[in-house]
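Trainee: Protein chains in written order, with my numbering: chain A, 1 to 718; chain B, 1001 to 1185.
Hints were generated in silico from the structure; no laboratory data involved.
What you are looking at is a predicted structure, and each value in this text was computed from that prediction instead of being measured.
One or more of the hints may lead you astray.
Quick list of simulated restraints, FRET-style, between CB atoms [to be verified]:
#, chain 1, residue 1, chain 2, residue 2, range
1, B, F1168, A, S161, 28 to 38 Å
2, A, S222, B, R1046, 24 to 34 Å
3, A, K240, B, F1168, 49 to 59 Å
4, A, A266, B, F1168, 20 to 30 Å
5, B, Y1167, A, I111, 19 to 29 Å
6, B, L1042, A, T200, 38 to 48 Å
7, A, A266, B, Y1167, 20 to 30 Å
8, B, Y1167, A, P193, 46 to 56 Å
9, B, Y1167, A, T200, 35 to 45 Å
10, B, Y1167, A, K240, 45 to 55 Å
Which stretches of chain A does chain B cover? Using the computed rule of at least three CB atoms under 8 Å from a CB of chain B, they are [unchecked claim]:
#, stretch
11, 42-49
12, 204-214
13, 264-277
14, 489-499
Using N, Cα and C, we set each Cβ at its ideal position, and we do this for glycine too.
The residues making up each chain are set out below.
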Amino acid sequence: MAVQAIRKRTYLLPAAALLSLLFSLYLMSHATQSSSQFNDLFSSLIVINIIGTLVLFGLLIANIRQLWRQFKSKAIGSRITAKVVLLFFAISVIPTGIVFYFSNQLLHQSIDSWFDAKIDDAVQDSLTLSRRSLDNRTLSLMKETRQLANELEDESDILLSLILAGLREESSAGELTVFSKQGQIIATTNLDPGVLIPNTPGSEMLMLAKQNGEFISLEPGSFDGLIVRTLIEVKHSSPKRYLQAIYTVPEDLSELANSVEDAYTAYQEFNYLRSSLKFSFTLTLSIVLMFSLLAASWAAFVFARELIEPIRQLVKGTEAVAAGDYEKKLTVEREDELGFLVNSFNDMTVRIASSRQAANKAQREAEDQHAYLETILSHLSSGVLGFDLSLRLKMINQGAGEILECPLNACIEYSLAEIATKFPSLQTFSALLIDKFSSTTAQWQHEFVFSINHKNKTILLKGAPLYATDQSLSGYVLIFDDVTPIIQSQRNAAWSEVAQRLAHEIKNPLTPIQLSAERLQRKLHGKLDSASDQLLSKSTNTIIHQVSAMKSMVDDFSDFARPPKSKPQPIHIDQLIDDVSSLYRGQIRHLKVNISASIPTVFADPIRLRQVLINLIKNAQEAIDDIENGEVNISVDYQKEQHSVKICIADNGLGVDNSMLTQIFEPYITSKNKGTGLGLSIVKKIIEEHGGSICLKPVEPQGANFIIQLPITTDKNN
Amino acid sequence: MSTKHLLFALLMLLIPLSSLATEPAGISIKTANLSRQLDTYLLNARINYQLSEEAVEALHNGITLTFNVDLSIIEPRAWLWNKHLSNIQLAYQIKYHTLSEIYQISRHHNNTQQNFSSLDAALYAIGNISDTPIHAITSNKQASSEAVLTAYLNIEALPLPMRPLAYFTPGWHLQSDHYLWPFKQ
Chain A
1 MAVQAIRKRT YLLPAAALLS LLFSLYLMSH ATQSSSQFND LFSSLIVINI
51 IGTLVLFGLL IANIRQLWRQ FKSKAIGSRI TAKVVLLFFA ISVIPTGIVF
101 YFSNQLLHQS IDSWFDAKID DAVQDSLTLS RRSLDNRTLS LMKETRQLAN
151 ELEDESDILL SLILAGLREE SSAGELTVFS KQGQIIATTN LDPGVLIPNT
201 PGSEMLMLAK QNGEFISLEP GSFDGLIVRT LIEVKHSSPK RYLQAIYTVP
251 EDLSELANSV EDAYTAYQEF NYLRSSLKFS FTLTLSIVLM FSLLAASWAA
301 FVFARELIEP IRQLVKGTEA VAAGDYEKKL TVEREDELGF LVNSFNDMTV
351 RIASSRQAAN KAQREAEDQH AYLETILSHL SSGVLGFDLS LRLKMINQGA
401 GEILECPLNA CIEYSLAEIA TKFPSLQTFS ALLIDKFSST TAQWQHEFVF
451 SINHKNKTIL LKGAPLYATD QSLSGYVLIF DDVTPIIQSQ RNAAWSEVAQ
501 RLAHEIKNPL TPIQLSAERL QRKLHGKLDS ASDQLLSKST NTIIHQVSAM
551 KSMVDDFSDF ARPPKSKPQP IHIDQLIDDV SSLYRGQIRH LKVNISASIP
601 TVFADPIRLR QVLINLIKNA QEAIDDIENG EVNISVDYQK EQHSVKICIA
651 DNGLGVDNSM LTQIFEPYIT SKNKGTGLGL SIVKKIIEEH GGSICLKPVE
701 PQGANFIIQL PITTDKNN
Chain B
1001 MSTKHLLFAL LMLLIPLSSL ATEPAGISIK TANLSRQLDT YLLNARINYQ
1051 LSEEAVEALH NGITLTFNVD LSIIEPRAWL WNKHLSNIQL AYQIKYHTLS
1101 EIYQISRHHN NTQQNFSSLD AALYAIGNIS DTPIHAITSN KQASSEAVLT
1151 AYLNIEALPL PMRPLAYFTP GWHLQSDHYL WPFKQ
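Let's have the full structure, built from the sequences with the hints guiding it.
Mentor: Set out below in structure tokens:
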């Protein structure tokens, strides 16, 4: 049994990929929060999600192309798939699009609402305030540094370290350092004795100090606090020396300044990042939107495919069943309604298959029965005709055609009237059947004599109605037999009996009559006067001749009634005809003998066959006696198809009246003035004894043609 | 102010302006070498940083810029990609302090900070790598190896919202070519 399996797809891998992508989207969303631990992965996550979205897009495009091809080729299920996908897409795109639009708008508006001109000004003002506050302090510190530098005027480099230490203790500076013009440290002192390397100024700071004579800057310190760096040229120093003083801004002030600066920086950074922030959120939302739409569309394809697959299989199965493949079986592992449908389909095909098998079996049996009946009917010698209720021919067997000598096989579905029109010889036969079947629905029997092909036939008809299984009349059947041979043989038997009795009864007194006449002639010869003697002689001669004639006639009767035993043997029929015809060459002026080449030998009694030939040639000779230019034609042909030899003996005499054509071979039927009328009967009897047939056909414009068909049998047993 | 001082001041003003006007944004490595002192290799390099307008704007808006200097010791191979024997990364950050209007650079590898009153000075400072000890250098003594130095602006160190756009903005793609020189044991 052909099993069509519905493949069960595994969507674990795609589902896992989708979930991974979803998780990646979640991570990306989480990463947008500044404090997220996934912050560093943001770019990678974007790339992963964009690639994932592109892969989904590619999958979707491939699916759409495949669907389009299926749709164009009107593949099974393509329309439903398209509808499901469009429905899914419409269902997902509308709400998702709305959510996307409003989320994006809300996000942009929220980000914009964080910034305000007043807050801008306030933040800027607070920074300015801080600067002003610190500026005053740095200016005072610069002044202090100038005083310290004045203390160093004209001091040698050797003493600078000692002087600096004293100055630092006197001042508020945390670190004092003297640099050369090239930036080399000449001397330094620090509040923290652990600090060995001083906080060196940048080269550009030193350059500005050289350029302007002094430099001051507020800087973030090593720790969270602020420092003030002052750099001033030591006057009257040779070579040039520069004093750098580092002051630490008080901690509370540093904290406040840092706080203001941090807030300002954060606000400024946030403001600067505003467009980038919007872009990032929009990008994230867009990727989520695209992912949702693509995933929904792809899921729609998956769902539609899953939904359609059993239906597709069912359609294929139905087509297979429609095409006659009832062995089609679908397998399904689904438990839903579609699975139930497929199982029902399988049940249906099983039932159809079993019904079909039963029907096939019944049909085979019916065909066997039909063939059986056909064989029987075709081998029946009886004729069988079947008609429907409108007397149209429905069935005919071979025997019917042979008996009626009409190709009735070509008349199936013909009405009896149409058959009568087509075959005029069957007019009376058709009329009888119409009359019989129309008048009664009971069985009937009728003996019918009709002439066909110049032969009289007697057939015994039996008609019967046909009933269907519901006992309703469905037609008629006619069975008939050709009883002509039976009647003929009965007639022959009767004639034989009559001839035998006649021969016996007549022949017995003939011999005494003849002997008595001869005795009278012998005893009375010379004893009577001449007149009486002549009368006696004439009378006795007449008696003797008539008795001889009667004896001859009785012998003929005797031959007809009890022919001599046949002694068949293989003979060359052409040679026999040549011999017989040579006897009449002198007597018949125009005797033509035409014998085909290679006539096979026949198994026959040469004496009796010679009797037949002589009888027929003699008949022909007598027929042309009174005819000028009378001629006799003898022809012999080998009929390979019938496996017989055809002997024709034709003359152009007066011929036989049409009314006698069918009776000419019966005893005592003759068209001649003289003769017993037994000659042709004996001929027919001899031919039939050899298994052959003889018929008489008229010749146009006049004459008769005796046609003998002799079967070729080389074996006596055949 | 003397004439000499005035000319010097003008020159100092013109130098950064001319450099901004002529030199395109980018990073280029002028010189680089590794010298060995006892068991330690010392890196000396001169890297020229020229920030793009986007980077300068971001810096002045409070964004901290991070520059990475990657030093690799590679073993060139004819048919395969180069074998990396050592990879060392030096990170430099530059930040602008609004209140003090100072550029502060931080060197992560030695936890030092420096303040500069001008951006050029700060960039010059991070571009001047002088005797920076490089530990953990390994090399294949059997094969000839090369040192590769690359400097670039680390986009991934930018604030998160800036990164996607930075990847698509040429102004943020600041990266030097590979600077190769034979590495001698």
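Trainee: Take the hints in turn and mark each one as holding or not.
Mentor: To see whether the hints hold, each was checked on the structure:
1. F1168(B) / S161(A): 28 to 38 Å: violated (58 Å)
2. S222(A) / R1046(B): 24 to 34 Å: Holds: the Cβ-Cβ distance is about 27 Å, inside 24 to 34 Å.
3. K240(A) / F1168(B): 49 to 59 Å: Holds - the Cβ-Cβ distance for K240(A) and F1168(B), about 53 Å, lies within 49 to 59 Å.
4. A266(A) / F1168(B): 20 to 30 Å: holds (26 Å)
5. Y1167(B) / I111(A): 19 to 29 Å: Between Y1167(B) and I111(A), where Cβ atoms are some 21 Å apart, the hint holds.
6. L1042(B) / T200(A): 38 to 48 Å: violated (21 Å)
7. A266(A) / Y1167(B): 20 to 30 Å: At roughly 24 Å between Cβ atoms, Y1167(B) and A266(A) fall inside 20 to 30 Å, so the hint holds.
8. Y1167(B) / P193(A): 46 to 56 Å: For Y1167(B) and P193(A) the Cβ distance comes to about 51 Å; the hint holds.
9. Y1167(B) / T200(A): 35 to 45 Å: holds (39 Å)
10. Y1167(B) / K240(A): 45 to 55 Å: About 51 Å separates the Cβ atoms of Y1167(B) and K240(A), which means 45 to 55 Å holds.
11. 42-49: holds (count 3)
12. 204-214: holds (count 5)
13. 264-277: holds (count 10)
14. 489-499: violated (count 0)
This entry does not satisfy hints 1, 6 and 14, going by the numbered hints stated previously.
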